[in-house]
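A.B. asks: Kindly produce the complete structure, drawing on both the sequences and the hints.
The sequence shown runs contiguously to residue 485 in our numbering.
The hints are simulated quantities; they were obtained by calculation from the structure and are not laboratory data.
Check each hint, because a few of them may be wrong.
[Stated by the list, open to error] Only pairs whose alpha carbons sit at most 27 Å apart, straight line, appear in this in silico DSSO-like list of lysine-lysine: (1) Lys472 x Lys412; (2) Lys434 x Lys412; (3) Lys434 x Lys472.
All figures in this text were calculated on a predicted structure; none of them were measured in a lab.
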Amino acid sequence: MDITKRPLSHGWRLLALLALFAWPLQGALAASSEDEEIAIEEDGGEAPAIEEGGDAGTDGELVIDEGEAADEAPVAEAEEEAPPIAGAGGWRFGLDDVRLEYGQQLRSDSRAERLLYGKLAVALDGNLTPNWELKLSGRVDGYDQSGAADWSELRFDYGDSYLRYRGDGFRLTVGAGTVIWGRMDELPLSDRVSTADLTRFILDDLADRRRAAPLVRLETDLGEGRLDLVWLPDFRPAELPDPDSIWYPVDRARGRVLGVSPADLPPAAVQAATLDEHEPDGAGGFGLRYTASPFFGDIGLTIAHSRRSIPYYRLAGGTLRTEYPRSWAFGADTAIDAAGITWRAELVYSSDNPVTRRGGAYTTTEAVDWGLGMEMHPGDGDTRINLQLIGSNLVDPPAIIDRTQAYSFNGKIDVPFDRARWRASLDFYVGLDKRDLYLNPELTFLGWEPHELYLSAHFFSGDDDTLGGFHKEHDSVNLGWRARF
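C.D. replies: Now the structure itself:
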């Protein structure tokens with residue numbers, strides 16, 4: 001049996017195990033912080049840093065880097081200089097991230113009645129010498145689904161684990177890490193070297209929808225900006241849920257493939273097909289990104305030749321086979337502050353996007369993705385409003401069963417209240433060319449740092465060949481606890 005996929009006899013066993021393990025560790029960490037001084041570099045933590053502003057005074061660049069660039073602040077306008085390292089030491093071992101969640105399905109036609117999820121992430125990191133840093137991290141995720149389709153799994157995985165050298169104006173990282181490039185919030189178009197986590201579809205924030213992957217990374221100053229070079233020596237495809245999960249991209253019970261209308265791909269053909277999760281061998285590719293902050297705002301340029309980690313399902317000869325074609329991508333983005341609003345724009349051309357001809361043949365075609373966004377804090381307060389318009393257009397495609405264009409309006413609204421002890425938020429996605437809707441309201445209690453207690457809901461609806469339409473049976477109410485240490 002694969003040790004990364006261990007079935008559980010009951011989901012509550014998972015919750016009990018995680019709770020019993022997490023609580024003593026959390027207490028030990030708190031006691032340790034009181035009894036002794038611990039040196040922790042900002043980029044050594046497992047919690048991903050989100051920089052909206054690039055690495056040289058940027059306001060609008062989204063750079064999420066779990067361990068690879070965690071010295072970038074969540075709403076920083078520049079990539080901060082790495083703090084000086086006094087010497088070797090400062091070792092830290094402990095719990096980084098923990099989460100427990102119960103989800104109740106609301107639709108009687110859902111294949112699940114309830115879902116349980118748990119996560120534990122631990123890390124060891126410190127400085128070997130003033131210039132050398134070591135980090136080792138791992139995680140365990142537990143999933144339990146009950147209903148018409150029952151399944152349980154316990155998965156073990158590595159997290160950001162690397163050896164890093166810091167020099168004068170550069171740093172070199174070898175190991176495994178998470179790098180997300182792009183300007184648009186939650187949907188960065190220049191994200192070409194990361195590995196997606198699809199085990200919970202889009203229920204989590206972007207940082208939690210990514211996994212660490214093998215890489216070699218060089219970050220260095222270049223002129224007035226910063227150059228980021230990434231090579232992926234071993235391709236890691238997206239982390240997929242179990243085929244029985246309601247979040248799997250292929251619904252064998254209904255004979256549906258995510259993003260394709262059943263009128264174009266007969267359900268009977270999907271139900272009868274054999275599933276082949278083919279994973280190509282070899283390197284995942286490379287990418288480079290240059291960011292700078294000239295007088296008018298912030299800019300980013302991206303070039304990549306890589307495999308996208310999200311699979312494309314190709315039906316051929318009675319088999320649904322996953323494909324990961326290599327593609328060139330060339331992107332440009334910018335962010336400008338004006339009238340109290342951060343304005344963002346991103347444009348990406350890609351060469352080889354997988355599609356299926358109406359006759360059933362598999363091929364690739366060019367595409368252009370673009371996005372426009374604005375972020376503001378009304379009254380200079382803590383309320384945050386982020387609104388985006390995003391489009392995707394295939395360039396001169398043949399007659400295919402896939403969508404040739406997609407336009408959406410999406411965003412997020414965060415409203416803290418009661419002296420920031422509570423937060424009400426709303427994530428939303430609305431299709432403009434087709435009926436496609438996702439709503440995620442959430443109420444979070446923040447007054448028990450570093451813990452958060454939250455009550456959320458997820459609502460889906462839409463046409464058959466949209467994300468919301470594929471998951472329209474999977475509305476849910478979720479209650480959970482999460483903490484980062």
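A.B. asks: Now, for every hint given, state plainly whether the structure supports it.
C.D. replies: Comparing the hints with the structure gives:
1. Lys472 x Lys412: holds, 21 Å
2. Lys434 x Lys412: holds, 21 Å
3. Lys434 x Lys472: This hinted pair holds, its Cα atoms lying about 14 Å apart.
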